[in-house]
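Novice: Just so you know, the sequences run in chain order C and Y.
All residue numbers for the first sequence refer to my numbering, where the first residue is 1 and numbers rise by one.
All residue numbers for the second sequence refer to my numbering, where the first residue is 1001 and numbers rise by one.
What the hints contain is simulated information worked out from the structure, not anything from laboratory work.
Remember, it's a predicted structure, so these values are computed and weren't measured experimentally.
Idealized CB from N, CA, C, for every residue including glycine.
Incorrect hints may have been included.
Said to hold, decoys possible - A partial selection of chain Y residues facing chain C, derived with a Cβ cut-off under 10 angstroms:
| hint | residue |
| --- | --- |
| 1 | Thr1017 |
| 2 | Phe1034 |
| 3 | Tyr1036 |
| 4 | Leu1046 |
| 5 | Glu1059 |
| 6 | Val1062 |
| 7 | Glu1102 |
| 8 | Thr1103 |
| 9 | Tyr1105 |
| 10 | Phe1106 |
| 11 | Gly1107 |
| 12 | Gly1109 |
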Amino acid sequence: AQKITQTQPGMFVQEKEAVTLDCTYDTSDQSYGLFWYKQPSSGEMIFLIYQGSYDEQNATEGRYSLNFQKARKSANLVISASQLGDSAMYFCAMRELPYSGGYQKVTFGTGTKLQVIP
Amino acid sequence: GAVVSQHPSRVICKSGTSVKIECRSLDFQATTMFWYRQFPKKSLMLMATSNEGSKATYEQGVEKDKFLINHASLTLSTLTVTSAHPEDSSFYICSARVFGEETQYFGPGTRLLVL
Chain C
1 AQKITQTQPG MFVQEKEAVT LDCTYDTSDQ SYGLFWYKQP SSGEMIFLIY QGSYDEQNAT
61 EGRYSLNFQK ARKSANLVIS ASQLGDSAMY FCAMRELPYS GGYQKVTFGT GTKLQVIP
Chain Y
1001 GAVVSQHPSR VICKSGTSVK IECRSLDFQA TTMFWYRQFP KKSLMLMATS NEGSKATYEQ
1061 GVEKDKFLIN HASLTLSTLT VTSAHPEDSS FYICSARVFG EETQYFGPGT RLLVL
């Protein structure tokens, strides 16, 4: 089963509008972390936002906010006031508890391609 | 934020040659670095986890002898693709974790094309 599911392969949004990118996850661990990364056409992965499973408040970073609904196992990314530079691939990812060796393994979703329309 | 560099950014090589890719954490010490592979329009696939001073931990299905990983210092990990073949052509990207933090910071990636 997919651990991270992003059901929207592509999204369009009008410049200055808000957009929500969906992400659901599957884990039996009580402690985990959720990430969103942005990948422009240049290929680099840019960290956007992080949400810990025990964080009571939704994470926010500037125009990015994470709508964390633990019971539904969803971690949607909300981008407010979209800009042309927001056009990119967006990946949702999850870190589960280290199970051996003390390292973190992060699983990525398949990504959503966001295109901002002027 | 933490900065990770990769070198080279792109490389073209002949089939049968070996290619070394470097991943450096520029402004922090990374006890753990990760190597990913990404096919066009696909997600990132974790290849291996590299811990400073110890052997890398490879994911299932990744050939250890094919993809040699060395993490000799707290700021440098290298991935060597040995006897490269056209099917090894891909985008390779590394990341590093700051000790005590949750986030992995990624390098800019290396595009490998094997002819």
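Novice: State for each hint whether it applies.
Specialist: Against the structure, the hints come out as follows:
1. Thr1017: 23 angstroms, violated
2. Phe1034: Holds. Min distance 8 angstroms.
3. Tyr1036: Cβ of Y/Tyr1036 sits 8 angstroms from chain C, so the hint holds.
4. Leu1046: Holds. Min distance 7 angstroms.
5. Glu1059: This interface hint holds because 9 angstroms falls under the 10 angstroms limit.
6. Val1062: With Cβ-Cβ at 13 angstroms, over 10 angstroms, it is violated.
7. Glu1102: Since chain C brings a Cβ to about 5 angstroms from Y/Glu1102, closer than 10 angstroms, the hint holds.
8. Thr1103: Hint holds; Y/Thr1103 Cβ to chain C Cβ min 6 angstroms, cut 10 angstroms.
9. Tyr1105: Cβ of Y/Tyr1105 sits 6 angstroms from chain C, so the hint holds.
10. Phe1106: It holds, given that the least Cβ distance between Y/Phe1106 and chain C is near 4 angstroms, below 10 angstroms.
11. Gly1107: Because about 8 angstroms separates Y/Gly1107 from the closest Cβ in chain C, which is inside the 10 angstroms limit, the hint holds.
12. Gly1109: Cβ of Y/Gly1109 sits 4 angstroms from chain C, so the hint holds.
Of the numbered hints stated above, those contradicted by the structure are hints 1, 6, listed in ascending order.
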